[in-house]
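Engineer: Now for the letters of each chain:
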Amino acid sequence: MKTLIHHFIAKIITPVLLLVIASCGDDFLDLQNPNQITAATFFETPEQVQQAVNTLYPAMIGVRLAENGGFFQQNARSGEAEITSGAFDIQVSYYNFQNTPESGSTDALWESLYTVIYRANTILANLDRVDWSENEELRTSLIAETHFFRGLGYFHLAYLYGQVPIVTKPAETEEEFNPDKAESIGAVYDQAIADLQIAKAGLPEEQDDSGRATKGAATGFLGKTYLYRASFLGEDNYYAQAATEFREVIDMGLYDLVENYEDNFTAANENNEESLFELQLKFDSGLETPTQDRPFNSVPGIGFEIFLRPSAWLMNTMAQERTVDGEYDPRYLQTVYFDGGLPLFGVPYDQLGDGIGCEGGRGVGGAPDGSSSKEGGWWRKYLNVNLSCEPVLVGSEPENNERVLRYADILLMYAEAVLMSGGNLTVAAEAVNQVRDRANLVEKTYASSEALMEEIRHQRIMEFAYENVHYFDLIRWDLLGEALQDHGTATQVASYDPVKHKYFPIPTGEINNNTNLEQNEPWQ
Amino acid sequence: MKKIIQQLIIMSRYALWGITLQCIGCSMLLAAGSHAQSVSIEDVFIQVHVREGSLREVLTVLEEESGFHFVYNEKVLDKYHGISIQDRKQSLADILRQISRKTQLAFKRIHDNIHISEMKSGDKVIEEILSQVPPVDVTGIVTNLEDGAPLPGVNIIEKGTNNGTVTNVEGNYRIRVSDESAVLIFSSIGYTSEEIPVNGQSQIDVALAESIESLSEVVVVGYTTQQRKDVTSAVASVDVKSMQKRAVTDVTQAMQGNVAGVNIVAGNGNPGSPININIRGVSSFSGDNTPLVLVDGVQVEGGLREINPNDIMSIEVLKDASSAAIYGSRAANGVILVTTKRGERKEAQVTYQNYLGLQVPYAGIDVANAREYVTILQRMYGEDLSGGDLIPQAAIDYLANPGNFQDYDWQDLIYDTAPMQSHDLSVSGGGEFGTYRISAGYIDQDGITMGTEYKRANIRANAEFNVNENLTFGQSLSLATSATETEPYAFSRSTFYQAIAMYPYFSPTLPNGDWQTSSFYYGGGDNPEALIRNPFHYQSVWDGDENESDISLNMYGELKITDHLEYNLSGSYSQGISRFRNYFGDKGEFQDEYFDDNLALTESEATSYNYSIDNTVRYQNQFNIHSVDVTVGFISQKFGDRYIAGSKTGFLSDVTSTLDGPGGKNPNVNGGKQESSLLSLIAQAFYSFDDRYLVTLNFRRDGSSRFGPDYRWGNFPGVSVGWRLSGEEFWKNSALTDVFTDLKIRAGYGELGRQNLGNYDYLPVLQYVPVVFGESIVDGLITGTPINEAISWERLISKTIGIDYELWEGKVSGSFDYYNNDTKDMIIGVAIAPSVGGGELQSNVGEINNTGFEMSLNHRNNVGNFSYEVGFNLGTTKTKLINIGRELIEGDGPEWDVPHSIEIRRGGGLAEYWLIETDGLFRSQEEIDNHTNSEGVVIQPNAQPGDIRFVDANDDGEITPEGDRQYQGTGMPKVNMGFNLYGAYQNFDLYVGLTGAFGQVIYNGPRYLIEQNYGYDNFSTSLLDAYDPVTNPNSDFPRLNPNDVDDNWNSRPTSDRYIENGSYVKVRNIEVGYNIPVTSLAKVKMNSARLFARVQNLVNITGYTGSDPEVGSSPIVNSDPIFTAGLDRDTAPQARSFQIGVNVTFQ
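Respectively, the protein sequence lines represent chains S and H.
Under this note's numbering, the first residue of the first sequence is numbered 1, with each subsequent residue one higher.
Under this note's numbering, the first residue of the second sequence is numbered 525, with each subsequent residue one higher.
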């Protein structure tokens, strides 16, 4: 019966009726969306491609600052920070190395990275719909900028997740919507390196817009990719390539350490000479779609990042070495602050120096909301709060840029790459001493590569605490287990599995919706 | 069913024609000549000659020659041909015998009429009634029993003869009957027939009672009407009379329990709250499941909610695709066709009706008073209450000096007796020029919950003008405006939730008379985390209004091209404007951090509109025993909406009422506009063979702007067939016919489409992102996540079989239906792997199946002066989600922090509760030790006697929401039923209406809220009866454990502890009426007057322990019943109410 009806409709009714309405039908039914710009007319002018490329920047903010599983959380696992009571379950399980693919602690990270890649692929696939004959130079630069972000995406994926799908064009077929894993982790690094090389070749050294990707940023990340590849995968031959790239950055002469370490974290001194690449954060309430501000602030009652506090180990470590003037390392005092009153790790509060804790002297203050614990410190880095007795937000919203790659890192990575590739100890030591010098520490010489490497490790803690560096350093140096033994919690030690926790599990959101993808083995 | 039928006939475009025919027929019947009444036809000799003539020709000749008049049914007449009569002189009787041999017809001579009928067993070929007594003339007036209004068009037949007449417009009639012992039968469509012996009376006035349902009713089916007996699809007529007895603001709610298969649940008891409705189950996810509502053919923007129930003449519900196919793309959820009242062709009649009422809350639920509250805390934390961090300071103070505290019954404070009223005035009439009806209605209902109210005013004007006998114009205009005062939901909790959780000693006011700002105890620091707010304070700083204004108008013209062909052009426009205002005043000290936006005002206005132009051509004709009715049409429609919204905060003054108020900061504006259009070709054909074999074909082809050009058109056919067994000879000749007056089997198949997609979703759009570089901000634009440009129609395939029956001449009637509806190609978002962009791809991959059984049974009878009617209906719904694009969709839970509880899963049904099963209490340490999994692991090692034993469903040795939740029932009723009883005795009448729903569970959220062992909310009094190893070892209520979490979490929200059987029967309505005798009304020139008193929601028969088992869905978390049906969370109970009213008519 059904076939009969369909047959009848198809053969008789439809043709007749179509005739009747053919004249007026489609005009009446073709409606345009008055609220949105449709994609049909996009990617037709260079300006539009530029606008598309611009969207890669906020996408990258998502990668760095993704809630739950964003980089900040990873600080806790390195021993830099400890989790406080009241933390969300998801944070606790992550902290304890008890996260599962289902717990979702790193989902947002994966999604943000692939959003960057998806956008980059969309741009690269559509770019040549534009007539570039008058703008060849711009085309090269925009392609390079796009590859920069895609390379950055795959670099992060490689060391965070290991073997992941490599997607280089927008999906169209069923198969493309279900991409399989790359052949190896090395292949993911290969993709990142290839992208960053295109970026390095095509990006100008300086850009009109402050914060836009440059040749220096691409070169720095390329070096970092080589370094991570060498240390994560044990492919030592890449150290030399890393050193070459870092050297190139140094030789560009565009970058230097800022005199005042604090300038790396305030809203006032953004995009300075030390910065190779930073995420541009600014709040503008006049916009319908707000721009991204800083989601974290380590002040109880104001900030979000209140469940991760500097660990005792970190503060003890940072308090060890004094400056040439016998003071605490300024990096210590710029990394943490104290809520006042109590001796910390054997050092009386009033001897900790200026700028720490509650202004106005000893014994005043306490936890800003009167309810928190009376010991330990809070993060000062990136803090937008005047540390008066009543913390006050600077401006209406926190908007300090997040420094993703800065020259101090280049110097220390350079030193490491030189050492690991069997290079000159003096050259390496010189780079390290530049970093020490900025902190007003005495210049040191090193008897052996091992001693210098030890110093590099220490300086990376001093320099980059709370910047999501230390955790991955420990993994790539294969020292995380040792560090947990030394200053981790019993639960962490019990749960930690060096093979399993070298990489994050692929999120279930990906596994469930990608028919070709299987979970990485240790997480199965 | 009041004058529905009459009015419908008058209104209907075919009616004039019908009435004309009827009148011709009657005059024929009355054509009594002066032929000698004493001569037998055996003795009347005539000579005629006919060769192979038709019966019609033969009779014409015989009439001419004999002077007798033949009375016959046209249909019968056309069947017979080839009749020859010899050309010789013979008696008329002989001629008739010849005809009978050929035709098997019987002839009955009464006076000078000869009635022709098909011969039944026992009939004589020729029968003569030669009365010796002179005939008697009888006159009288026929009126409507209910309101005394005269009834035109009533058939009056002398019993046993075909002698008859009809009443005129004033209801008067005159008939000549054969003798004084004759019996008159008065009948009219929609009314109960009456048989009255003449007994020598010359005047017989009759009042006819309306019948509830009858197969001879006319029902609106798609673009045309059909007699109920001809209907081959699942079309149900709503019992409008019972509906109009419900004092509710929304017609949808009044229809509850009225039609099998139409499932209606009030979402919430507050006046003006949305009512959930679905027909034959939920059959799609992507859009709403509410049926298409057409009022006089117009898709009104306000829906049923904004209609004055008293304007309604009839409502038809098209339940299956074979009937609804004519509405194609918009009909997949079923169609509700509302026909409003029209004027009649008579003098102006004024009707006024009203009711005034009071609503009272049901008894509240038991919560602890101050003494009990503190006692419970003491049992948890020790006598001096020093054991817990969260002990309210006030509770400790209370212990020290109870005299300083008062007890407050918070439920009593927030609930109040609330008035309601309704007034309705209409004027209607008509004449040669046409008809008119104008009405105005006003309804005002306060809610029992403080601060809630719904008001609405309606005006409707309907008119029809007869330009000439071939051309008619008509018009409907409706205006409605309503205002709703909604309930404030502080912290996403309803007033009711605040009230039951509030500390019993907490005073709504401070000593100085101001409202206390929250549950903070002003004496000292009570827990600031409590989500409890003083609703009086909240109400004082918050103001939320919703206003809605609707206009809908329709104009149509009907041109009769030939007797059989007519053209109809109809244009309609409907518009709804919703205004929303939300104001937060000065919230006072200590409140800022819990409320954003002090002194903030948000206003928005949204206009939705649609217009439609319908062109239809209808052809109907009858060829012998074939009858054909074909309608084809072309319809174009456009739907749109636009909105604008603005807000500011920080006004200087608390009396600010507009966005222009002084000092407003942070201005924010928004706006948008959307449109969609639809082009449709429709065709509907009905064919009947001898009234026994019936076929209805529907076809619709729709093009929707919501789909891409290549995927835009959908074809939606429907076919239904019917077989009237009762029309078959074998049936008529058997004894069955004595029982089954009418019996019809029908079956239907149909396909319907849904365009459940956003208006422009097939077109990829760009995402805008502002991008920061240093201090400047530049534009970023990028295509969003992948979209499916090939998205197209959802398809509902519906199959129905049914039986319609009428027994003992309508004493019992009803129907059975079985249906199977399959939604294929349902549009659902299929998640895309994040690695290729993420998001969701809208795809035609979902499938839902609904099956069910429906029955209705009506019985009416008269016993002496007592007449009664009983109606019962029942419908079942079983939903199976065959493909929802994923394994599981998690719904909301009983509390904001409890994600797991309600789910829908592939292969399952809707609103399923998946919870950890409880298995009583542990009574001893031994029982705890013995509660192990299969490997011997003790499942709750830390339990103590008095803790709940949870079932370790996955046998992993521990209790987790992830692993151990099991199916505990669905919140969707499996069976819905309705029962209506009408009785009338002399001037008194009675109505009782019940509704019921069975097979669903309810999650008793309030009970969870107050049975938790936390000190910062009030408790249920059942905590007083908690298990105690010494004093109360037999209690079934778990022990009080202030550290009640983890494995032995007795008040764990994800356990089945709070699941209850939700089945109920509600005594919806009892009404008693009294008709003031017409004689006493004459003085005041009143035609009829009726007084009535009623009680609504008198009692719930249920095992549910909450306040009202009618739990639609949670009004706060997610009002979509797919997810939250049966979740009693923040639901305001319905009120019990009492009304009195009058209904008077002047003419």
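Just so you know, not all the hints are guaranteed correct.
What the hints assert, rightly or not - Among chain H residues calculated to face chain S with C-beta under 10 Å, some are:
#1 Tyr604
#2 Gly606
#3 Lys765
#4 Pro1032
#5 Ser1160
#6 Gln1198
#7 Leu1202
#8 Arg1410
Note that these hints are calculated values from the structure, not bench results.
Source: prediction; values computed, not measured.
Beta carbons are placed, not taken as given, at the ideal position from N, Cα and C, and that holds for glycine.
Engineer: List, from low to high, the hint numbers that the structure doesn't satisfy.
Structural biologist: Going through the list in order, the structure violates hints 1, 2, 3, 4 and respects the others.
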